[in-house]
Amino acid sequence: MGFHFKREERFKTEKTGILVRLFSGEGKVVSVYPKAFNIRHQDGLLVSLVEDATQMSALSLHVPSFFRSRKAETEAGAPAWFEKGRLLLNGFCIDFAASDLWESGPAWERVPGFLPSRISILEEALLLRGRRGGLLGLIHSSAEQNPFVDRASQALRRILNKARKDSSIEDLSQLVGLGPGLTPSGDDFIAGVLLGEEILSVLAASPKGARSMAQQAIIPLKVNKRDMWECLSRTNDAGKTLLFQTLQGHFPCYLIEAAKGVGGADKLEEMADAVGRAVSHGETSGTDALVGFLFYLKATANHQRRQ
Amino acid sequence: MFMDVKKINKLFDEELVVINMGLDAFGDNLKKEQVRVLLMNWKPPAGGNKKLISLLEKLDE
Amino acid sequence: MKKVIIQKNAYYDSVFLMLTAKAVKQIPDVKDTIILMGTEVNLEILENVGMSMPETKNATPNDLIIAVEGETDAALEEAFQTARDLLHKRQRQVDETDEYRPASFEAAVRMAPDANLITISVPGTYAAREARRALDHGLHVMLFSDNVSLEDEVELKKRASEKGLLMMGPDCGTAIINGKPLCFANVVRQGTIGIVAASGSGLQEVCSCIDSLGVGISQAIGTGGRDLQARVGGRMMLMGIEALQNDPKTKVIVVISKPPAEEVARKVIAKLKETEKPCVVQFIGQMPQEGSELLWYAGDLEEAAGMAVALSKGEGYPGRTLFLSEAALDEIVERETRGMARNQRYLRGLYAGGTLADEAIVVFERGGFEVHSNVQTKPERMLRDPHVSRKHTIVDLGEDVFTVGRPHPMIDFSIREERLAKEMEDPEVAVILADFILGYGSHEDPCGAVLGTLGQAKQKAEDRGGYLAIVASIVGTEGDFQDLEDQRKKLESVGCVVMRSNYQAAMLARKITEALESRGAD
Chain A
1 MGFHFKREER
11 FKTEKTGILV
21 RLFSGEGKVV
31 SVYPKAFNIR
41 HQDGLLVSLV
51 EDATQMSALS
61 LHVPSFFRSR
71 KAETEAGAPA
81 WFEKGRLLLN
91 GFCIDFAASD
101 LWESGPAWER
111 VPGFLPSRIS
121 ILEEALLLRG
131 RRGGLLGLIH
141 SSAEQNPFVD
151 RASQALRRIL
161 NKARKDSSIE
171 DLSQLVGLGP
181 GLTPSGDDFI
191 AGVLLGEEIL
201 SVLAASPKGA
211 RSMAQQAIIP
221 LKVNKRDMWE
231 CLSRTNDAGK
241 TLLFQTLQGH
251 FPCYLIEAAK
261 GVGGADKLEE
271 MADAVGRAVS
281 HGETSGTDAL
291 VGFLFYLKAT
301 ANHQRRQ
Chain B
1 MFMDVKKINK
11 LFDEELVVIN
21 MGLDAFGDNL
31 KKEQVRVLLM
41 NWKPPAGGNK
51 KLISLLEKLD
61 E
Chain C
1 MKKVIIQKNA
11 YYDSVFLMLT
21 AKAVKQIPDV
31 KDTIILMGTE
41 VNLEILENVG
51 MSMPETKNAT
61 PNDLIIAVEG
71 ETDAALEEAF
81 QTARDLLHKR
91 QRQVDETDEY
101 RPASFEAAVR
111 MAPDANLITI
121 SVPGTYAARE
131 ARRALDHGLH
141 VMLFSDNVSL
151 EDEVELKKRA
161 SEKGLLMMGP
171 DCGTAIINGK
181 PLCFANVVRQ
191 GTIGIVAASG
201 SGLQEVCSCI
211 DSLGVGISQA
221 IGTGGRDLQA
231 RVGGRMMLMG
241 IEALQNDPKT
251 KVIVVISKPP
261 AEEVARKVIA
271 KLKETEKPCV
281 VQFIGQMPQE
291 GSELLWYAGD
301 LEEAAGMAVA
311 LSKGEGYPGR
321 TLFLSEAALD
331 EIVERETRGM
341 ARNQRYLRGL
351 YAGGTLADEA
361 IVVFERGGFE
371 VHSNVQTKPE
381 RMLRDPHVSR
391 KHTIVDLGED
401 VFTVGRPHPM
411 IDFSIREERL
421 AKEMEDPEVA
431 VILADFILGY
441 GSHEDPCGAV
451 LGTLGQAKQK
461 AEDRGGYLAI
471 VASIVGTEGD
481 FQDLEDQRKK
491 LESVGCVVMR
501 SNYQAAMLAR
511 KITEALESRG
521 AD
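Protein chains in written order, with the working numbering: chain A, 1 to 307; chain B, 1 to 61; chain C, 1 to 522.
Any given hint might turn out to be false.
[Stated by the list, open to error] Simulated pairs of lysine to aspartate or glutamate, DMTMM-like, Cα-Cα distance not exceeding 25 Å: (1) 15/A / 13/C; (2) 225/A / 44/C; (3) 43/B / 517/C; (4) 32/B / 412/C; (5) 277/C / 290/C; (6) 31/B / 412/C; (7) 277/C / 24/B; (8) 6/B / 24/B; (9) 32/B / 4/B; (10) 391/C / 290/C; (11) 10/B / 44/C; (12) 15/A / 75/A; (13) 22/C / 150/A; (14) 251/C / 412/C.
To be clear, the hints were calculated from the coordinates, so they are not data collected in a lab.
The task is simple: from the sequences and hints, build the whole structure.
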């Protein structure tokens, strides 16, 4: 295998992302930060080791003990090896065989309902707290315009036209890989759309939620995922990693918290707080995801009205 | 002597945003007091060559 | 003109990418920059905005593309150099809290376009040029560096006053602006007393006394030691007074300096009289004059603080509140001189703070003593060799002759220890007088650092059948990180007498010396 590790240097994970166990084979460390490591599997997906549980995702390992140790010796470029139940790095072994899984989908009892009135408060909060540089300009022309917003805007107009006829969201793959950021804005946007779809379908699966939706005649739009699966190669590793999870209904911790916060907010202040926490993620990732989330909710609400 | 000190009084009302050129300790101390400070890794211009520096000064004018 | 660089297989986080874009955009003559990953759709967009280049055709999604449009080749070159430097640094850094540290003034103002003040402590040879550029850029300047020529100082202050900016220095060691410590400074309560000082340790002493009286300061502006010399004309002092006059938070103005050139003193006093606020003046060494209702002359630094506090409360000055009763003082004098040998008679003052040394010299001279020093103005009292004391001597260990190639005695105690080691060999020494300065910039344990040597000195005197009195004052506040109480206790643990201000310490040392003189006369 080309590298060794001492038996003593074993770190057990506190929580394991549900999709990590899929991996086997070679990998490479691609980035090292004080509280996070990113390892690229040979298939092009990134698995992250995190110190902080709030940074978890379905492709992460929560292993604070590793960060308390001398992990700083590992540099980007170091080799890694995935095998059943563990990840081997030069000098250490991250053991997740017996670990608890991290819950990466919003369970129905934790998701509050979404009322149409909350959509406008969410939009206001996003205009107040959202960060520029990505797709915030899609919400309102008063927010920043840039070539990415223009491109996305054209694509989304076409998508909405189609959705009216088909009652589904097609060709969202036009946004894959679009825009700035290590994870391109378009990918974050898509994650937000998928989050919206997931939350409404989870809501519909609960008796209380189903009743509420029936009362308001809300019929969630279906998002066609197949063309996005086919287009994963159009984006980079970070974008691919995000889409890979979200297309399967697994969302990173910060987005789940955002959905809970936004769903539970009754007033603009509470909404702004929840939005504020979400947009502090990355540079524009949080903002772009919420823009996508808002897009989905508005599309569904408008669709329902037209019927 | 006419003195316009508006900018000084403006500074008294603003948040300090400091560039520290030189000893790190001075910048670190400001950080401890929650001041926004940018520490420099100052190097003499023109590689410390005095002749070049005086030429640069003439160009500055 | 446009140019593109590509970094293959890049995993830089988005925040960093945004900061890089920001830094590049600030470069003059750069029209636009786009930084993104080389995905299919991003390449199309680059094409649409006219930033596509041959190099980008082969880019893959994991490649980082930096596209720049600039007016000149030089701008493009600088843009890419900046980007490359940042990327290179980021690649090697593991510590997230390490920020990129610019090496030039231009780079610094690009990274901090909203900066309003710069602290400069680079070698004197370069300091003036950097200060000039800072002023031209509209920054207020704290110029700690010394070894800047008088001509440069005059020119810098002229420029600053034309632009209405602060030029604190050169050789300005202390300032407190908006409650924040610049260079050497104590943590002082915020309040209504504004100070302009041409003296670092003088400023610290006054702030320290004000704080110990439960009151605070609004601003403490340093001007640098030479500001009140004739050629500089008190320019920064006058600007500082004007600013404090306009400052609604300042109710009292205090001015501190060594005795200024006569015409400068007149200008300063005239300026103070113009302000509608009560003022206190302390020109060290100058005999206090008859003041007026709004302009009080202090006899020393501690008194300046006391007067300012009284004025800030709208009260009359009740006299010293930090002073011990005569009886208490006499008791200390008796106790300290009791065990001294017949031949012990001299004072040795070992000071880190220049102004504090000056003040001590003034206290002794007012008592009729002849004091030798390395900073004496009277030629017959100048020490022939600054390293060798003569009779009553007070030395300023911060002076150039002692600090060549070594850190200032506020930070490094070896200079003081070496001198103390010499003094302790002299059987005629009766009392050592010293200052200990706390606060930002100072040593983390000034009293602890010399405790061993102080104890040794006491022991040596005892071994000779005598007794060495050590009198000290600590310039500091309860807010300082060195722990004022703890510092005091440390000194007291080896038998030092710690007084509440430099003036009082000097007075006590003088009383001891007087007692010895009159004993000798018996």
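Taking the hints in turn, this is what the structure says about them:
no.: 1; hint: 15/A / 13/C; result: 24 Å, holds
no.: 2; hint: 225/A / 44/C; result: 23 Å, holds
no.: 3; hint: 43/B / 517/C; result: 56 Å, violated
no.: 4; hint: 32/B / 412/C; result: 22 Å, holds
no.: 5; hint: 277/C / 290/C; result: 18 Å, holds
no.: 6; hint: 31/B / 412/C; result: 23 Å, holds
no.: 7; hint: 277/C / 24/B; result: 38 Å, violated
no.: 8; hint: 6/B / 24/B; result: 30 Å, violated
no.: 9; hint: 32/B / 4/B; result: 33 Å, violated
no.: 10; hint: 391/C / 290/C; result: 35 Å, violated
no.: 11; hint: 10/B / 44/C; result: 47 Å, violated
no.: 12; hint: 15/A / 75/A; result: 24 Å, holds
no.: 13; hint: 22/C / 150/A; result: 22 Å, holds
no.: 14; hint: 251/C / 412/C; result: 37 Å, violated
Checked against the numbered hints listed earlier, the structure breaks hints 3, 7, 8, 9, 10, 11, 14; every other hint is satisfied.
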